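J.: The primary structure of each chain is shown beneath.
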Amino acid sequence: MGEMLRVSDLNVFYGSIHAIKDISFHVNEGEIVTLIGANGAGKTTTMHAISGLLKPKSGTIDFLGNRISQMEAHKIIRLGLAQVPEGRRVFSHLTVQENLSMGAFTRKDGASAIAQDLEMVFDRLPRLKERRKQQAGTLSGGEQQMLAIGRALMCKPKMLLLDEPSMGLSPLLVKEIFKIIEDVNKDGVTVLLVEQNAKMALEIADRAYVLETGTVKMEGPADELANNIEVRKAYLGC
Amino acid sequence: MEFLSYLINGISLGSVYAIIALGYTMVYGIAKMLNFAHGDVIMVGSYIVFIAVNQMGMPPLLAIIISMALCTLLGIVIERFAYKPLRSASSLAVLITAIGVSYLLQNLALLIWGADPKSFTSVVGLAPVQLAGGRLVISGETIVTIVVSAIIMAGLIFFVNNTKMGRAMLAVSEDKGAAQLMGINVNSTIAMTFAIGSALAAVAGVLLCSAYPTLQPTTGAMPGIKAFTAAVFGGIGSIPGAFVGGILLGVIEIMSKAYISTQLADAIVFAVLIIVLLVRPTGLLGKKISEKV
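Keeping their order, the protein sequence lines are chains R and H.
Going by the working numbering, the first sequence wraps up at 307, each residue one higher than the last.
Going by the working numbering, the second sequence wraps up at 296, each residue one higher than the last.
In case anyone wonders, no lab produced these hints; they're calculated from the structure.
If you're wondering where the values come from, they're calculated on a predicted model, not measured in any experiment.
The beta carbon of each residue, even a glycine, is placed where N, CA and C say it ideally should be.
Any given hint could be a false lead.
[What the hints assert, rightly or not] Listed below are the simulated PhoX-like cross-link pairs for lysine-lysine, each with C-alpha atoms no more than 20 Å apart in a straight line: (1) H:167 / R:225; (2) R:268 / R:225; (3) R:124 / H:87; (4) R:144 / H:167.
[Said to hold, decoys possible] What follows is a set of in silico ranges between Cβ atoms, one per label pair, in the way DEER data are often shown: (5) H:191 / R:281: 37 to 45 Å; (6) R:281 / H:110: 54 to 62 Å; (7) R:136 / H:110: 41 to 49 Å.
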């Protein structure tokens, strides 16, 4: 299993706030890696730096041999790195199906290949199929999250960045979403997952990094961290 | 019969407002800014046609194509140098810059072409059509204006809904960040929007000056403001809204002039806008934000 993503000594500023301080981590091909941490730990900022929505002050990000730390977001996705952003951010005035085809914006392999993948996404997320003609803004939170994941899958990513997919969802829906993430990973998509719901994230992840106020506090195999006394106290509430 | 004639004139004037309003509304929808220099692009486009036809003797159609090309370029240049550096600035800064660009264009025109009004020769070669035994006369300009704006409207709706660039515009207008994550180049989409809006402004300028043949550096200002009003009237950000708003505004203006008072016509137009906004703050066809969380 080769290394897919490497972040080295990353520093990111949000205006004058030094949000990310010298963070380093990596993700291997085929893995689910999770970044856990409280609100304000720098999880979303890290995600935005990787997907190109924020430019790091210093440090490097490499994805499959490409230096992407200063690359524009719309070029990064073409390398096969897709982000499911925090708060879903589906196009609420477009229909479910239009949202999904927007996900295939960068593809040049023809309409029939895209139509085939659309059916694949519908098979994986049958609730979207029922609502394919419905405006995305009228979907429930869980459905919007599924749509955001489906939309990201439409670009045939090699790696998926998921930012707080459990946010605002009922425990039952969180389980459903995490099952989807596991299935997507089994089909060969590497996953970097940012979560406040550390319990669920550590359950499905191979490895984890604990972020605290912009730095990596701990790292290791997910099951080890799940049994770590400090992690249990701070993030698992037991 | 008189009423019908006023109505047709109103629709014709409204069609011009609609074409200009499309530029306002598309730029607002995608860049979330009010480009108050848009009206002055109309004026520049009209001068270009005037010079090409009256001074260089070009055929009108060629002159219009050149004018559209140059206005497209002007729109892209304005966006690149005046607005793009302010992409993350406050909307007030962008608004003031837009007003500044508007004055810059007007004064450049004053410098280059002088203050005295030019008499624009109509580029429409169509003879007036007489209906109802000569009691209803429709000028060639009126017919051409209505037909052209209908074609533009249909073309634009097709473009936005059926082309990749059009879909990108829809995505950017809703969420720039999410659009970027889809692989859409936001900067080139915004530049494209300015290009289309400015090319349309050139067409609007020619139609306007063919019907009202006085050309001076402030020619674009008032139609610009009225078209902006039309865009708000119809629901800013909405393409069909700009069309509906433009036509209604033109009809209201001509009817007010005909039946109420020439002096009060503009006041009535703006009063109607205020009433519409009081009842429907998003404009006639404006999108309501209805989202479940």
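J.: Hints first: check each against the structure and report whether it holds.
T.: Status of the hints after comparison with the structure:
Among the hinted pairs, residue 167 of chain H with residue 225 of chain R is consistent with the structure: their alpha-carbon atoms are about 18 Å apart, no more than 20 Å. Restraint check: the Cα-Cα separation between residue 268 of chain R and residue 225 of chain R comes to about 29 Å, which exceeds 20 Å; the hinted pair is violated. For the hint linking residue 124 of chain R to residue 87 of chain H, the alpha-carbon distance of about 18 Å falls within 20 Å, and the restraint holds. Using a Cα cut-off of 20 Å, the hinted pair residue 144 of chain R and residue 167 of chain H holds, with the two alpha carbons roughly 17 Å apart.
A hinted range of 37 to 45 Å for the beta carbons of residue 191 of chain H and residue 281 of chain R is consistent with their spacing of about 40 Å. Look at residue 281 of chain R against residue 110 of chain H: about 57 Å separates their beta carbons, and that is inside 54 to 62 Å. The hinted range of 41 to 49 Å is satisfied by residue 136 of chain R and residue 110 of chain H, whose Cβ atoms lie roughly 47 Å apart.
The structure fails hint 2 only (numbered hints given earlier).
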